[in-house]
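Chains as they are written, first to last, in the working numbering: chain A, 1 to 292; chain B, 1 to 274.
Simulated from the structure, these hints should not be mistaken for laboratory data.
Where hints are given, some of them may not hold.
Said to hold, decoys possible - With a cut-off of at most 20 Å between alpha-carbon atoms, the simulated SDA-like pairs for lysine to any residue come out as follows:
1) A:Lys-7 x B:His-8
2) A:Lys-7 x B:Thr-136
3) A:Lys-94 x B:Ile-173
4) A:Lys-94 x B:Tyr-10
5) A:Lys-94 x B:Lys-137
6) B:Lys-99 x A:Tyr-187
7) A:Lys-7 x B:Gln-98
8) A:Lys-7 x B:Leu-105
9) B:Lys-191 x B:Leu-213
10) A:Lys-94 x B:Lys-99
11) A:Lys-94 x A:Ala-11
12) A:Lys-7 x B:Asp-4
13) B:Lys-99 x A:Leu-210
14) B:Lys-137 x A:Ala-23
15) A:Lys-7 x B:Arg-103
16) A:Lys-46 x B:Arg-129
17) A:Lys-94 x B:Ala-101
18) A:Lys-7 x B:Arg-104
19) A:Lys-94 x B:Asp-4
20) A:Lys-7 x B:Ala-101
21) B:Lys-63 x B:Ile-173
22) A:Lys-7 x B:Lys-191
23) A:Lys-94 x A:Phe-19
24) A:Lys-7 x B:Asp-64
25) B:Lys-137 x A:Phe-19
26) A:Lys-94 x A:Ala-23
27) A:Lys-46 x B:Lys-99
As the structure is a computational prediction, the values presented were derived from the model and not from experiment.
In case you want the letters, here they are:
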Amino acid sequence: MASSRPKVYSALVTPAIAFLCLATVVPIAAVIALSFGDFNIAFPEKTRFIRLYNYARFLSDGRFINAALVTFILVVVPVVLQLLCGLALAIALKENLVGTRWMRASFLLPSIIPPAVGGIVWKLFLIPGVGGLSYLASLFGHNFEADLLGSKTSALISVIIVSIWFGVPIVALLLLSSLDSIPDEIYEAANLDGASWAQAQWHISIPLVLPAMGAVAVFQALEVLGIFPVIFVLTGGGPAGATEPLNFYAFLTAFTYLDLDYSAAILVAFTTTIVGVCFWSIRQISATRVGR
Amino acid sequence: MRRDLGRHIYGYLVSAAFALFLFSPILWTLSTSLKQPTEMFQWPPVIVGEPSAQHYTAIIADKDFSSALINSIVVSCSTIILTMALSIPAAFGISHLQKTAMRRLLTLVLALRAAPAMIYIIPYFLFFRQVHLVDTKIALIIVNTMFAVPLAIWYLSAFFDQVPREIEEAAMIDGASTLQTMTLISIPIAKYGILATAILIFIGSWNEFLFALTLTRDDAKTAAVAILNFMPFEGTDWGKAAAACVLMLVPIVVFVPFVKKYVAGPTTTGSVKG
Chain A
1 MASSRPKVYS ALVTPAIAFL CLATVVPIAA VIALSFGDFN IAFPEKTRFI
51 RLYNYARFLS DGRFINAALV TFILVVVPVV LQLLCGLALA IALKENLVGT
101 RWMRASFLLP SIIPPAVGGI VWKLFLIPGV GGLSYLASLF GHNFEADLLG
151 SKTSALISVI IVSIWFGVPI VALLLLSSLD SIPDEIYEAA NLDGASWAQA
201 QWHISIPLVL PAMGAVAVFQ ALEVLGIFPV IFVLTGGGPA GATEPLNFYA
251 FLTAFTYLDL DYSAAILVAF TTTIVGVCFW SIRQISATRV GR
Chain B
1 MRRDLGRHIY GYLVSAAFAL FLFSPILWTL STSLKQPTEM FQWPPVIVGE
51 PSAQHYTAII ADKDFSSALI NSIVVSCSTI ILTMALSIPA AFGISHLQKT
101 AMRRLLTLVL ALRAAPAMIY IIPYFLFFRQ VHLVDTKIAL IIVNTMFAVP
151 LAIWYLSAFF DQVPREIEEA AMIDGASTLQ TMTLISIPIA KYGILATAIL
201 IFIGSWNEFL FALTLTRDDA KTAAVAILNF MPFEGTDWGK AAAACVLMLV
251 PIVVFVPFVK KYVAGPTTTG SVKG
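Take the sequences, apply the hints, and build the full model.
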């Protein structure tokens, strides 16, 4: 019955899909075209085709190479730690203990606040000597006044921690819904067989959420550099480029240095790599699942 | 399950550690927003001194920030309306197509959303500059809609899938057209799902930073960007920045309990219990 009106249904779908294609495919094609050109925003009519020249510039651009390295660090390290912390938190919240239920309702907050606000929140928290971290340290009798955003290594670590802060709640939520779907009978059976709670977690919970973790990792790898606003507010990419990933470098190249064609090349290379790796990983994950 | 000490130790310890990690920066901001300027530099730092609303009155009186807040509300609400106008029919249609066509379309929609937002910034900037829409709310609404439609289609089609087909078919047998069935039967049944989706679109648009930063100058600036005006380079103005953050968080905090079930999105839709 419902399938007797397929034409109407297709007509309903068409406007949204047409809008989406127009709003995504055309701009992406434009960026790719731009990356092969010599483009000056003041003289757009003088645009020339310069083949791979913009891409060749990568090789001699130390700042690009540094940004590529920072990108790799800021994707891999936070995603791995988000998964581990998220799993730890999800297992704790699954138990639904008295006194932790308020957390089940509110732990998601950091993942859905405006990233720019998150940046300011952390900036306030890390102010040397008078910020929240110094306050916490003073509660434990320590006098903590270091400027964490001032040196290269500690700034990078700070950005990683903030990135974990943003990602853990959503990862924990995804893993929690996966944990919650494990039937209680399995745990009861393990309990009857004499397994302790810890053994049940190790032998039941973790193996059963492992497949979900692969998908979550890919999802987070695509999302994790969305902390652009945080970097913008917190460190501005510094000190000395220590926290400047490729998307940040491309942003500055385009809108501070007005080198739009080179920025386009950076973005095309960046996007192709990250989307390519993620799609390849999804392939691998579903292949192993089918193989089982 | 039998009582187990390990379970309690682990549960409380880990919950407490994460409660501290996840909430202390936000609570610190709340505390800063209520502090007197002299309390900011006190050693050892204090969490609450004598609460003062002076920073809140200052930022509300600030014309730039209050107009940015209004811009944020206008842009977010318009994005909801435009996204819904496109996504509700599309999701309804997709949910009634045959399985293979449906899956193909949903995969396409999701794939279109996979590229990082940054890739769009240059072409959108050049385009809106060409058509003289830089620093207008319309530009932001279009961009936010572009990002919201794929997710909206995903959520809404899952909600339309849950509408009992028997009821829709009964309406059609009684002579209702497809459009009438959608507006009079399916949308009212799926209204809570639509509301949840609207909240998620609101949050996405409220939080959007990158395009609001590059496509606006003065007139159309949204609060997520205007908040940077309060960032002191040196000095004592942290109270205003903190108060602005707290105001930005109000709608998000209100919505957290409503969205928790849905925000996980396409990756788990269907596997969530209850």
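Do the hints match the structure? See the list:
{"no.": "1", "hint": "A:Lys-7 x B:His-8", "in the structure": "58 Å, violated"}
{"no.": "2", "hint": "A:Lys-7 x B:Thr-136", "in the structure": "38 Å, violated"}
{"no.": "3", "hint": "A:Lys-94 x B:Ile-173", "in the structure": "46 Å, violated"}
{"no.": "4", "hint": "A:Lys-94 x B:Tyr-10", "in the structure": "11 Å, holds"}
{"no.": "5", "hint": "A:Lys-94 x B:Lys-137", "in the structure": "43 Å, violated"}
{"no.": "6", "hint": "B:Lys-99 x A:Tyr-187", "in the structure": "35 Å, violated"}
{"no.": "7", "hint": "A:Lys-7 x B:Gln-98", "in the structure": "12 Å, holds"}
{"no.": "8", "hint": "A:Lys-7 x B:Leu-105", "in the structure": "15 Å, holds"}
{"no.": "9", "hint": "B:Lys-191 x B:Leu-213", "in the structure": "34 Å, violated"}
{"no.": "10", "hint": "A:Lys-94 x B:Lys-99", "in the structure": "34 Å, violated"}
{"no.": "11", "hint": "A:Lys-94 x A:Ala-11", "in the structure": "44 Å, violated"}
{"no.": "12", "hint": "A:Lys-7 x B:Asp-4", "in the structure": "59 Å, violated"}
{"no.": "13", "hint": "B:Lys-99 x A:Leu-210", "in the structure": "28 Å, violated"}
{"no.": "14", "hint": "B:Lys-137 x A:Ala-23", "in the structure": "17 Å, holds"}
{"no.": "15", "hint": "A:Lys-7 x B:Arg-103", "in the structure": "17 Å, holds"}
{"no.": "16", "hint": "A:Lys-46 x B:Arg-129", "in the structure": "18 Å, holds"}
{"no.": "17", "hint": "A:Lys-94 x B:Ala-101", "in the structure": "37 Å, violated"}
{"no.": "18", "hint": "A:Lys-7 x B:Arg-104", "in the structure": "17 Å, holds"}
{"no.": "19", "hint": "A:Lys-94 x B:Asp-4", "in the structure": "15 Å, holds"}
{"no.": "20", "hint": "A:Lys-7 x B:Ala-101", "in the structure": "13 Å, holds"}
{"no.": "21", "hint": "B:Lys-63 x B:Ile-173", "in the structure": "58 Å, violated"}
{"no.": "22", "hint": "A:Lys-7 x B:Lys-191", "in the structure": "25 Å, violated"}
{"no.": "23", "hint": "A:Lys-94 x A:Phe-19", "in the structure": "41 Å, violated"}
{"no.": "24", "hint": "A:Lys-7 x B:Asp-64", "in the structure": "50 Å, violated"}
{"no.": "25", "hint": "B:Lys-137 x A:Phe-19", "in the structure": "19 Å, holds"}
{"no.": "26", "hint": "A:Lys-94 x A:Ala-23", "in the structure": "41 Å, violated"}
{"no.": "27", "hint": "A:Lys-46 x B:Lys-99", "in the structure": "50 Å, violated"}
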